[in-house]
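Turn these sequences into a full structure, and let the hints guide you.
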Amino acid sequence: MTPVPFTVTKRTPELADTFTLELTPAAGGVAPSFLPGQFNMLYAFGVGEVPISISGDPAHSGTLIHTIRDVGAVTNALSRLKKGAQIGVRGPFGSAWPVVEAEGSDVVIIAGGIGLAPLRPAINHILANRTKYGRFVILYGARSPADALYVKQLQSWRGRLDTYVDVTVDHAGRDWAGNVGVVTRLIGRANFDAHHAKVFICGPEIMMRFTIKELADLGVAKDDIYVSMERNMKCAVGHCGHCQFGGHFICKDGPVFEYARIESLLQVRGL
Amino acid sequence: MVKVEGLDKLMAEHPFFQGMDEASRKTLAGCARNERFGAGDYIANEGKPAERFYFIRSGTVALEFHLPSNDGLVIETLHDGEVFGWSWMVPPYEWAYDIRAVELTRVISLEATCLRKKLKKDNALGFELYSRFVPVMAKRLSSARQQLTDMYGKS
Amino acid sequence: MSNAVSARTRAVVIKADRLDSLILALRKSGYKTIGPKARDGAVVLEEIASADELPLGLVDDQQPGAYRLTKAKKPAYFDFTHGSQTWKRYLFPPKEKLWTAVKTVKGFEVQSEVDAPKYAFIGVRACELHAIQIQDKVFVEGEHTTTGYKTRRERALVVAVNCRRAGGTCFCASMNTGPTVGDGADLVLSEFTKKNTHEFLVEAGSVRGEKILAKLEGRSAKDADYKTVQKAADKTAKSMGRDMPGDAAKILADNLESPRWQDIAKRCLDCANCTLVCPTCFCSTTTDTTSLDGENAERWRSWDSCFTLDFSYIHGGAIRRDNAQRYRQWITHKLSHWFDQFGTSGCVGCGRCITWCPVGIDITAEVRAIATKT
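Protein chains in written order, with the numbering used here: chain S, 19 to 289; chain E, 271 to 425; chain R, 19 to 392.
Simulated from the structure, these hints should not be mistaken for laboratory data. Note that this is a predicted model, so its numbers are computed, not measured. Nothing false has been slipped in among the hints.
Here are some chain E residues the structure puts well away from chain S; computed CB gaps all over 10 Å: (1) Met281; (2) Glu283; (3) Arg402.
Ranges between beta-carbon positions, derived for each pair: (4) Leu179/S x Gln129/R: 48 to 56 Å; (5) Arg402/E x Ala34/S: 42 to 50 Å; (6) Lys124/R x Pro50/S: 19 to 27 Å; (7) Lys170/S x Gln280/R: 45 to 53 Å; (8) Glu223/S x His349/E: 25 to 33 Å; (9) Gln280/R x Leu179/S: 53 to 61 Å.
For every residue, glycine included, the Cβ atom is placed at its ideal position computed from N, Cα and C.
Below, the structure written as structure tokens:
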């Protein structure tokens with residue numbers, strides 16, 4: 019599968035090291051449709067490829083939206099692209115957040131740091147089909163107020179009368195009147211039916227571990243919890259072997275997994 | 271000043287005292303008083319004598335470190351139903367950080383000298399108190415350690 | 019799966035000195051004939067132009083961590099079993115260019131490339147044929163297909179050969195992958211060296227094979243010939259020096275935290291030999307390069323091994339930082355997870371990983387050790 023050239027139609031800085039690119043196919047037409055939770059392999063000419071979650075609205079897939087953090091050679095190359103530049107896109111790949119299966123239940127979204135980006139398409143889908151779901155809760159944790167992603171959107175989601183949004187940061191200055199503390203502390207205060215909810219979690223693995231523990235204490239079933247896993251990726255099609263996690267290929271069996279399915283694997287170090 | 275019976279009733283409503291027998295609770299109520307703090311009020315300052323044990327009835331407090339370069343680095347916020355101020359248990363009985371009320375906050379506070387006297391006399395009472403407080407501290411420690419990992423990384 | 023030799027649709031018995039006619043027929047039909055050759059003390063797989071280049075009269079002595087080629091008492095062409103190389107170096111080359119990209123006014127254009135010579139593989143063992151079919155499941159029969167592999171595989175003609183002896187580290191019988199060649203070969207050779215005759219029973223296993231067979235001159239196959247082949251197969255199956263426990267997949271899946279992993283780690287050098295010589299290992303990495311002026315870019319795919327430290331690297335560090343964890347990954351993938359991923363074991367019992375491991379780690383023994391230490 020070869021990369022398809024896409025043109026950068028918009029570049030938005032989000033945080034000091036994080037930016038969002040909007041892409042449309044260079045040859046014209048619309049971008050392929052995708053499911054919330056899926057990712058593309060983005061190619062920076064001559065530098066390399068990285069897996070980046072699609073963070074746009076699945077209902078408006080004409081353009082691709084990717085929020086990228088500058089952490090290495092390829093993402094650095096992507097961060098220096100201006101409007102009009104071309105990048106290569108392969109995808110979409112991977113499994114999706116079960117937004118259809120979750121219909122009829124309460125939905126709790128728990129995101130940490132840049133983990134909010136892969137969850138945004140799920141949030142968009144649920145809000146676009148709001149009456150199909152029960153209570154809708156969005157909990158978000160970031161390092162500090164300056165490191166919170168999509169602040170304007172968090173505010174607009176919070177502004178809705180049918181959505182509960184709570185945000186916390188690991189530390190803050192005195193000019194922050196909001197919560198300070200780990201994101202797990204927000205769970206007990208949120209109003210949802212633990213026995214009839216689907217929970218989607220995305221963030222650093224430590225955060226996912228403690229969050230799952232907190233949810234289990236509340237009585238949320240293991241098969242109602244979904245996490246997004248990350249591993250080294252090269253081909254994204256299950257042929258290079260790098261992304262294996264136990265017997266699962268993160269690129270095609272994941273990145274979204276039902277927690278019950280991978281619980282025992284998460285407990286083994288260095289798997 | 272609210273009578274002891276009134277304070278005992280308020281304490282019974284607070285999650286921390288769930289399951290505690292009436293006699294123990296009434297004994298503790300003897301050291302208690304009802305307090306309120308306005309937004310921005312400092313309830314405690316780092317290094318000052320820790321003379322009270324606080325139970326938040328309603329409101330929010332922020333635990334802060336005062337840094338030379340930073341007026342107040344907030345490391346945790348606590349809400350309704352939570353407790354703070356364990357420095358009264360551990361010599362030299364001094365506050366470990368600043369505590370500021372973020373909004374109008376109502377608390378029940380227990381006076382430390384009174385508490386220490388009663389606990390010395392009645393070991394069972396001590397057990398009731400400490401067995402409720404240790405899990406709180408354990409959870410705080412776990413949360414603090416998670417925050418320490420700086421898991422989200424710097425922007 | 020039985021070890022029975024079944025009569026194929028068309029067969030002929032040719033004299034061994036006419037083996038060249040087979041190779042010639044293949045070359046005349048446009049095939050690049052690849053076969054075993056003795057070089058630098060081992061059997062390698064290279065292009066051969068005639069039967070003279072085959073390792074006639076050589077036999078291998080393989081043990082954990084040791085490989086020697088010696089002269090045989092009876093001069094046969096295929097009494098050695100195999101060397102360190104496998105047919106994957108042709109179907110799934112160590113280095114392959116996937117595509118090139120060229121800068122244009124607006125951005126860039128990508129052109130994919132497929133290098134697909136028409137190969138005829140001569141001397142494919144039963145285990146090796148299974149290994150090829152196992153890689154087919156990875157590269158062709160899954161959700162995504164690798165075009166290069168698919169094209170090379172479709173064009174490749176397989177001339178398999180039945181083993182008349184078991185190699186020192188072989189255990190194909192316990193893996194149900196040999197010693198008798200199963201379905202999927204275009205032609206199957208069985209060598210006879212009884213009394214003073216040296217002949218080959220040549221059987222066709224496909225229409226393509228029949229076309230080549232039609233060009234060979236020899237006598238018709240008799241019952242006695244098939245009996246000889248069966249006898250040799252039975253003898254070979256019985257003489258294997260080791261076997262893989264049938265429940266290896268479950269043993270490994272149930273013992274991810276076995277203390278044995280640390281024991282193995284004390285011996286394993288992380289040299290990755292096992293992954294290089296294994297005919298089914300398929301891990302690869304991709305490399306992106308540019309020309310000096312930055313106008314042209316290429317993407318290459320090359321063999322990789324799960325034994326390297328950066329194989330599992332994500333920001334912050336590698337997931338498998340301990341070599342015990344890396345060894346566990348390799349063996350549990352090969353013998354256990356492979357079933358979940360592709361429906362079969364990843365191992366064909368060829369024994370190469372045992373022979374070419376510098377410290378002679380034997381996966382059949384390790385599986386047993388892990389089973390007993392619980």
